[in-house]
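Asks: Chains as they are written, first to last, in UniProt numbering: chain A, 1 to 434; chain B, 1 to 434; chain C, 1 to 434; chain D, 1 to 434.
Any given hint could be a false lead.
Which copy is meant is left open, so a pair is good if it fits within one copy or across any two.
Listed next, the in silico DSSO-like pairs over lysine-lysine satisfying Cα-Cα at most 27 Å (straight line) [claimed, not checked]:
| id | residue 1 | residue 2 |
| --- | --- | --- |
| 1 | K129 | K422 |
| 2 | K55 | K69 |
| 3 | K400 | K129 |
| 4 | K52 | K393 |
| 5 | K42 | K422 |
| 6 | K433 | K173 |
| 7 | K42 | K172 |
| 8 | K50 | K393 |
| 9 | K55 | K129 |
| 10 | K350 | K409 |
| 11 | K50 | K433 |
| 12 | K350 | K400 |
| 13 | K393 | K129 |
| 14 | K173 | K118 |
Source of the hints: derived by calculation from the structure; they are not laboratory data.
Number of protein chains: 4
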Amino acid sequence: MIPRYSRPEMVAIWSPETKFRIWYEIEAHACDAMADLGVIPKENAEAVWKAKDVKFDVARIDEIEAVTKHDVIAFLTHLAEHVGSEEARFVHQGMTSSDVLDTCFNVQLVRASDILIKDMEGLLAALKKRAIEHKDTIRIGRSHGIHAEPTTMGLTFARFYAEMDRNMNRLKKARMEIATGAISGAVGTFANIDPRVEEHVCEQLGLEAEPISTQVIPRDRHAAFFAALGVVASSIENVATEIRHMQRTEVLEAAEFFSMGQKGSSAMPHKKNPVLTENLTGLARLVRMAVVPAMENVALWHERDISHSSVERNIGPDSTITLDFALSRLTSVIENLLVYPQNMLDNMNKFPGLVMSQRVLLALTQAGVSREDAYRFVQRNALKVWETGCDFKGELLADKEVVAALGVKEIEAKFDLGYHTKHVDTIFARVFKD
Amino acid sequence: MIPRYSRPEMVAIWSPETKFRIWYEIEAHACDAMADLGVIPKENAEAVWKAKDVKFDVARIDEIEAVTKHDVIAFLTHLAEHVGSEEARFVHQGMTSSDVLDTCFNVQLVRASDILIKDMEGLLAALKKRAIEHKDTIRIGRSHGIHAEPTTMGLTFARFYAEMDRNMNRLKKARMEIATGAISGAVGTFANIDPRVEEHVCEQLGLEAEPISTQVIPRDRHAAFFAALGVVASSIENVATEIRHMQRTEVLEAAEFFSMGQKGSSAMPHKKNPVLTENLTGLARLVRMAVVPAMENVALWHERDISHSSVERNIGPDSTITLDFALSRLTSVIENLLVYPQNMLDNMNKFPGLVMSQRVLLALTQAGVSREDAYRFVQRNALKVWETGCDFKGELLADKEVVAALGVKEIEAKFDLGYHTKHVDTIFARVFKD
Amino acid sequence: MIPRYSRPEMVAIWSPETKFRIWYEIEAHACDAMADLGVIPKENAEAVWKAKDVKFDVARIDEIEAVTKHDVIAFLTHLAEHVGSEEARFVHQGMTSSDVLDTCFNVQLVRASDILIKDMEGLLAALKKRAIEHKDTIRIGRSHGIHAEPTTMGLTFARFYAEMDRNMNRLKKARMEIATGAISGAVGTFANIDPRVEEHVCEQLGLEAEPISTQVIPRDRHAAFFAALGVVASSIENVATEIRHMQRTEVLEAAEFFSMGQKGSSAMPHKKNPVLTENLTGLARLVRMAVVPAMENVALWHERDISHSSVERNIGPDSTITLDFALSRLTSVIENLLVYPQNMLDNMNKFPGLVMSQRVLLALTQAGVSREDAYRFVQRNALKVWETGCDFKGELLADKEVVAALGVKEIEAKFDLGYHTKHVDTIFARVFKD
Amino acid sequence: MIPRYSRPEMVAIWSPETKFRIWYEIEAHACDAMADLGVIPKENAEAVWKAKDVKFDVARIDEIEAVTKHDVIAFLTHLAEHVGSEEARFVHQGMTSSDVLDTCFNVQLVRASDILIKDMEGLLAALKKRAIEHKDTIRIGRSHGIHAEPTTMGLTFARFYAEMDRNMNRLKKARMEIATGAISGAVGTFANIDPRVEEHVCEQLGLEAEPISTQVIPRDRHAAFFAALGVVASSIENVATEIRHMQRTEVLEAAEFFSMGQKGSSAMPHKKNPVLTENLTGLARLVRMAVVPAMENVALWHERDISHSSVERNIGPDSTITLDFALSRLTSVIENLLVYPQNMLDNMNKFPGLVMSQRVLLALTQAGVSREDAYRFVQRNALKVWETGCDFKGELLADKEVVAALGVKEIEAKFDLGYHTKHVDTIFARVFKD
């Protein structure tokens, strides 16, 4: 994570302040539950809430940790400074550090998910808006980077919408994967703590109790979580790649918005670089690179080891911050994307009418011309267009054999763009379900 | 994929025979739908079903492909040899090769998923059986490979059950991700084919119609699919790692079943190697390595390119065949795992009673001893156990200060294993939901 | 590996026949060394060479393995069928299966490297030839997919040459990484076999003796090997991506060769798809996906475990076969690449003269015009070109302020393409070192 | 990168201060070369060196960048504040931002390499020292985690030394891969700058001039660089895994040093966790995860795009900082590793003498006993040891058939540990080459 590619709301989730706040809530709710169960005195549980509005002093906690060499103990010591050491003496009773750390990490991932889901809502809205706007904007569809048959810019936005809609589901499922907490004590047997404490704390924090933990929450959950982010990132790369292609000089069917203040560009109008989508391409790789280590983290030794920790300290913040930034940047790119419908038509007509050759071929065979002859007819006219830039329809209308087979009206009909757009509404209804 | 790590049922899904059979069904159902829509004559659609029971001749199709240089055309030519070329002339009308290839690939992935789901059922059954069998088999829980506190072998099996149960859900969701088909023609506009054909074919094949495709089915679906397999594989590595640890000479709490016919072992009883779980560790890496390329496949150029194809021709069969084999092998390992409860006890008591030191420490502080003193009391006795192998409880009972603080009965109570197993039933109820 | 993407010479390296042949050589050379050391009788060592010209019967060995459940023992049994069981009784003495398997694997990787190095020679020759051919073929250089300044097609080929030349070095180093053998017995202590046997066998096979092995050859070597292949594959993707871009309809500066027999294309000249380079893009991913598992293979448990084996049984053949195929395919693509110099000029002049705007800007500031004014002068003329397609030079010559600042001759000079190609020879001399 | 896993010297390389300092040197040396070539006035070149001892003001540069939106321009503007805007007006002439950025990045990577190489020297020294110290410390070699045959702890250290020595070579080669600079201007044609400027700057900075660049330095170099770091990291995981195994409660042949001040451990001597090597296991994953994105960065579009940049802004610092920290931590772990020779012997004798069973088997067959009988003899005695813990040698000496076949002296001889260590010196001579 580097500041340049991060946004404050997501960064805040990963701040020490947030972490200590969550630790506090875990401990305080656990005290409540223990008090309810009669394990600790009610007044001690209540006393913990005295620190409810405290903004914990990170520097002070660091100072204590420098002595205790243990982050959770340092925090508890500091908490006692607020609550009173007598009142605080039952805090954390029967718990292990992992109970706090793992539950906290999942709370952070849940909150990060919530932001990502909100981001995705924004992206979906932008894509839908642009899809509707350009529903009928004709452009050439391309397979292999080569002109194929006409489609519309709206369909391009619509397919990105559909893909991001699937990603929305994946994010929501990913959120569910890690929305669990564990307060199960050493090796997860609840020997020193009642399972009802875990249930209470989890409920208060909006988590499910992990059915079975082993001091740590099982890491297949996190592997699934980061894998989902990797898929979302790959879709971002997909959209970014489309835009980078559209903006290249020879194509220029769309361009990232370029504020007039940006000097370089106004002097050199041809040098408007798709730097945002190029950047998104790189950010996608960064999010994706967390997937394999998260999977390597699954096989901990016996009830737990700590090998996953250094990985997660990095990929937890890095992947969510980067993905948040990328989703937000992509949304802005989509919202402000400059679309050039005339260029789309010009490109499609680079070899005038040639994109209809397949359709003519089909018509010829349907009209009873043998496959070999049909090929020959189309080929001789297509090559002229290819070589001289003349109009394909014109050539066909001047080709006696073609006219004999299809008739003038039928030939004309084959160049009707409506033929290619007639199901756009059907597809839109499927995608936008309305 | 290599024969040594594959099972026939899964391999069959990826055979040319199966592929051609699916192609046939796609084409035949498409004809039905087109006939219903009045696009082609009913009798031509019916004629296609003449080939219903034909086992397509792969060698013959290869022969034709050597001439036509196109696999789908070769197949259609061969199909015409069965159906009659006149009757077959409407087959594939308005469709592209991708309509057939992509829909077929997803049918294969769906069938592969069904096998994987069945495999997982078997594994879950085995894990549950062994969990119940060893619910109360005491063993030491280990954090960092170091003895921590007692747990039971049943909890170990139960946590693998819970993890694999999550993987079952992931497999089911993965299956849904790729259970779509597309018959949308060039660049996916349905220009040459009615969307209702796609709907009919998909329904017949047990698929959803892809809401929006672009000649190809969007590859974020496949990325999510292979990512799910990667998570499952990582869990297999997790279980395998546990067993490898349990079988090592110094631990020997469990061992892969070893048939008496296996010579090497009978002469050298100490040389029973956990080769199956080591193999599973490697197989997990093989399944996992498909995840990143599947994600790299998402960003196709414009409406489609063919860069994903060579990747999928490999990882499609390889990942599913390897995972099927691995799940099956793991099931067999679990079913037949030799468990050595006495060794578990012996290991736990390597330093007799020492695993209870934390509990004693807690009891001392709860009894009002200062944290510093409690540490000192525990430490001096623990070190004796560590150095001489004497019994911790005995030492504590001989330590006046400890006895003064806790009393004999309380000290005895701290060594009750029931303390650690008292919530096993609770956990089992959570995991097995019954 | 699938047949479609493989070539026979490389496939043969990984055949059972080759494997058994290498095993044989290892065993026979080991016998020689042991006989020289007086450990086994000379006549027994000599007898082994009776099988020198035998083509081992894979089916027979499989048959024996079905009984013995051990591949090396099965081979030795079969060898004894040729040599005589009395004569063969000292074969493999003091050795472990790993001595044979690991040394054999490295021999196979060395041979695979030799083919890859030969492939790379072919690719380098092709790139050099095309570089020289197009040394002066002007095309527009592009940053961010946007026209920047002129360069030449020869420089494009030259940079791929330079990159592949570095890859040649990487392949040679990779070959050295795995060109070692080990005959060190159980856990690698040479307890049962003299180190001089290892030295002799390695020398005969063209390997270095592994300085220290532990029954297995250390796997960091293989990680480095597969990582090198991954870098080479990434460069293949780089070249493939350039060609895919050049072939897209709007650019069309080059195209993969398309034999006239290929039907589709002749009827639809605009539908010549860069399928070979798209395929190479996918193949690059396949080679690259072996890198991480090869790295995960490094951390074996203690002296050895077998977790790496299933990985290597796959990636050994798959990565080398795929890379061989890819290098060969790329060489053919380069040799036969259709280059369209006129289209290059046409593309460069899409906005006539505009690519020179930066140079004009520089000239203005060098002539003493303030940065702000220079921008303004360039901008007002550039925008006209951008919007109307008129000629930039013409506009400048008609702009009084520009003419006043630079003079007509200077303006003309700024549009001299020789300015951009003046150092092509320098660069060629650096790259081709001649 | 997070502070917890970083060391100041490496972090400093990636600071803005260092970056600006390197930019400055590139610009200043470029001015010198341009002055020598007569392209700019000598006095302007000299004036730039006025800023030689300036510590550039990062906040001020950021301030300017907030206006100019361009980092290099912001720096140049700030530089002019020190040098004088008149004197500075030729700075950067004919250059592009990439000339500065890419050359600077490589300078940083070279410096990072130098630290990593120094780290590796330290690690090698530590490994060698411990290898010599424990050259003859007997421990059991293990295959598959199972006791195999005796080896020595010195050989374990020696093999890690040999592996790290190979990694040293890989680091040195990796350094060479990226020790190039480029000052070649837009699209790399040297149109606006003489190639001799590049040569001078590179020489001054200890780099080679990149033979052919395209505004950017080709990224196959960086892919190779990060791949090499990934291999080194995998070896770190390998050593870490060995230590984690050795420290587990049941094995306890070695342990990470534990200062007495660390409270937890002194009260619970059995709870000394191998947290450093577990941490190293995770750090290895972090370094490794950069390999694939670095490879994905190779295929830039045409002469350059900026997709690699966000990736490198992260993995450049992160991978080198993490690897530096990991190498340093591992060195400390090795230097201070507690080795327990007595436990090694105790473990080896868990089943007294049984590790010699293979050797006895071999001796029996060499003495003319049939393979079947030999197995039977060994088996019946081995099983007794396995089941009762009696001494294998004792059993053999009491077995008439074994004694008849081998004789008492020969049986005794088979239990001589010197047999297994006789080639340790040979291996040490190979590894340490002295």
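Asks: Each hint needs a verdict: does it hold in this structure or not?
Replies: Cross-check of the supplied hints:
no. : hint        : verdict
1   : K129 / K422 : within (21 Å within a copy, 50 Å between copies)
2   : K55 / K69   : within (22 Å within a copy, 36 Å between copies)
3   : K400 / K129 : neither (47 Å within a copy, 47 Å between copies)
4   : K52 / K393  : neither (78 Å within a copy, 43 Å between copies)
5   : K42 / K422  : between (71 Å within a copy, 25 Å between copies)
6   : K433 / K173 : both (21 Å within a copy, 21 Å between copies)
7   : K42 / K172  : neither (38 Å within a copy, 46 Å between copies)
8   : K50 / K393  : neither (83 Å within a copy, 41 Å between copies)
9   : K55 / K129  : neither (42 Å within a copy, 50 Å between copies)
10  : K350 / K409 : within (24 Å within a copy, 36 Å between copies)
11  : K50 / K433  : neither (51 Å within a copy, 39 Å between copies)
12  : K350 / K400 : within (25 Å within a copy, 37 Å between copies)
13  : K393 / K129 : neither (35 Å within a copy, 42 Å between copies)
14  : K173 / K118 : both (14 Å within a copy, 23 Å between copies)
Comparing the model with each numbered hint stated earlier shows that hints 3, 4, 7, 8, 9, 11, 13 do not hold.
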